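Asks: With the hints as your guide, set chain U onto chain L.
Protein chains: 2
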Amino acid sequence: MIKGIKFSCVESGIKAKGLDLGLVLFEEEMNCFSAYTRNRVKAAHIHYNMKQSMDRVKALLVNSGCANACTGMDGIKDLRDISHVLSNELGIEKNQVLFSSTGVIGKRLPKEIIKRAIPKLINNLHEENIEGFARAIMTTDTYPKIVKFNFKGKKEYTIIGVAKGAGMINPLFATMLVFLFTDYPAIPKDLSRYFKRSVKETFERISVDGECSTNDTVLFFTKKGQKDETGLNAFKESVFRAMKELSLMVVKDGEGATKIIHIFVKGAKNKAVAEKIARRIAISPLSKTAFFGCDPNWGRFIAAAGDAGVPFNPDRTEIILEGRTLVKNGVEVPFDEADLKKLMDNKEIELTLHLHEGNASFDMYTTDLTYDYIKVNASYRS
Amino acid sequence: MIKGIKFSCVESGIKAKGLDLGLVLFEEEMNCFSAYTRNRVKAAHIHYNMKQSMDRVKALLVNSGCANACTGMDGIKDLRDISHVLSNELGIEKNQVLFSSTGVIGKRLPKEIIKRAIPKLINNLHEENIEGFARAIMTTDTYPKIVKFNFKGKKEYTIIGVAKGAGMINPLFATMLVFLFTDYPAIPKDLSRYFKRSVKETFERISVDGECSTNDTVLFFTKKGQKDETGLNAFKESVFRAMKELSLMVVKDGEGATKIIHIFVKGAKNKAVAEKIARRIAISPLSKTAFFGCDPNWGRFIAAAGDAGVPFNPDRTEIILEGRTLVKNGVEVPFDEADLKKLMDNKEIELTLHLHEGNASFDMYTTDLTYDYIKVNASYRS
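Those protein sequences? They're chains L and U, same order as listed. Going by the working numbering, the residue at position 153 of the first sequence is 194; the numbering climbs one at a time, nothing skipped. Going by the working numbering, the residue at position 375 of the second sequence is 416; the numbering climbs one at a time, nothing skipped.
In isolation and in its complexed conformation, chain L is listed as follows:
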């Protein structure tokens, strides 16, 4: 727990069943770092948050069960309306509230239901209630995703992170919502580049189905106050570690996933080439079904690489799967197929493509593509 940061959750009725509304209240005004989806279609909470001042935040309200995306100006007005009621009840200013949503696209927030739930939500606030909050933002995540650890500066600090991952409600988008909290005094103007880079190196290196949500949000709340340079390195390491651990939790709990695949592209002319090839393999349905089927059908990986839209000479490519070399100079070398199939049954698999054309590399994580992905996503919403 972090002194002065309280969490709460209720079953408000946005969803047919289960916790669906979470609140965070900050005793002191906080700084907030933010990163949002790159999708051109952005949920109302993103448009709304981007207009608030991010250096005196006192509350965060998050709902599951409704994405509040593609709801036009009305969707933003709904948030204004709710912030009015919530800030009144909390005795804070209207523009000190931030929002996040996840759920079905195109439906308005059930405003009255939310407003009615506010008194109970405030009543439930507690410094130890992070798990309840983590559960309130879940959709079909199979477990709440929380990280928490301490690091040292002039004094001991805590960082807590919570995420909801690639799950569907009835069904909806695989939105990723991530919230991080610390009592370390971090100043956005000094550290926003570090924050952005950490997001890029963690949450932007996972893929479940290659879809980009309208609601993806990362908010990081830090205390205000005097700098603590002594703790700076420990702080940075902790931020990165919290993000990395949460991002792995998200991909591991991907829709229908039975395993995660760590894709490593090495020996590229430059990082952009390595990244494009890694990302192309990460979304390749034929590669992902091969992982599900434990089939060392490496032709699918190299064909996906060849379709990445970047230049490389496939005649130099080496392919290594779970430490076994399958391909050298672009052609197959003898390998024990039965052994490989067994290794591919592991919960975590490592695939390396070495291009032998330079020194740049890129790595990321993806899931397999399974019957359950179809099941989760092909069922009716209603």
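Quick caveat, the hints were computed from the structure, so don't treat them as lab data. Be aware that a few hints might be false.
Each pair may be met inside one copy or between any two copies, as identical chains are not told apart.
Pairs of lysine to aspartate or glutamate residues, derived as EDC-like cross-links and limited to a Cα-Cα distance of at most 20 Å, are as follows [said to hold, decoys possible]: (1) K416 / E286; (2) K196 / E286; (3) K148 / E359; (4) K118 / D356; (5) K44 / E70; (6) K196 / E278.
Bear in mind the structure is a predicted one, so any value in this text is a computation, not a measurement.
Replies: This is chain U only, laid out in the frame that chain L set:
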């Protein structure tokens, strides 16, 4: 049938079972138009064919069961070897033979098996044997894909087309092989732009799983001889019609597909924007599972559009599914969900996104994403 063009097929043993080798013999030297995969990893037959002269072709040998891709120089030498034997037996020149392959990537052609099959293959040659040839190039296609019709110039001409589509053998790549034949005298230097454009507007407007094969090939064989300007328009129309019909057969027979979706993007600022959005929706797993599940979950279509990497204002977007308007100015309008679900059960569905930002448009065809796609592709090759 076309006089002077003979087809043949045998069960040579490349596959464990079934026809796997097809031959076409041209009595006269033919012109050949060609288009190949854009994948940077290209099968041996593509490298080989690109070095042959394309204005005096006398034979085409096609095998299924082995892609002969990622086989390095050896894969090309194998073809040289086979062309030596085949041309000798046929009494033609070595460089008058073209090849195509489809099958598992990374395995060498079983050269001796193929050579042994040549006498029987030659023995089976017959002008009426197009269906046998079409069957020999199938993998898990569920039916042979043939089009045939006549058109008029100074005399009556015939065009015959044959394709193998998005099927897997055990499993392998969803390679598309297409061969067209006509007795109309078409000169490549006059008509190669028309050929390329027709390929682009037909075969490049279908998608099953967004994967780009190492082996994709379109070869069009035309007679040499005196021009027939009278028949030029009829010829052009026939070429386009043959390609269009074959491309629709390929997408309809896509792996695991239960329906095809005609995606129309209209009102775009320019064609590139319309094309990128259409292609992004066509490969969106969440859109494709919604089609499978008959779920009018339009948020998935607009979110895919928003992730296409091109600018548009989602607040102007109109979405029409099977003639019913779901969205106007980016927000939902009331629609009958039960009615929509029933309409989405059709074998062919039309989805239109109207951006209301200009006059450019683009349309293409895709399939739904189903349990059977996973089944076909997650099973072991062996």
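Asks: Against this structure, judge whether each hint is valid.
Replies: Hints versus structure:
no.: 1; hint: K416 / E286; verdict: neither (27 Å within a copy, 32 Å between copies)
no.: 2; hint: K196 / E286; verdict: neither (24 Å within a copy, 73 Å between copies)
no.: 3; hint: K148 / E359; verdict: between (49 Å within a copy, 16 Å between copies)
no.: 4; hint: K118 / D356; verdict: between (58 Å within a copy, 16 Å between copies)
no.: 5; hint: K44 / E70; verdict: within (13 Å within a copy, 86 Å between copies)
no.: 6; hint: K196 / E278; verdict: within (16 Å within a copy, 79 Å between copies)
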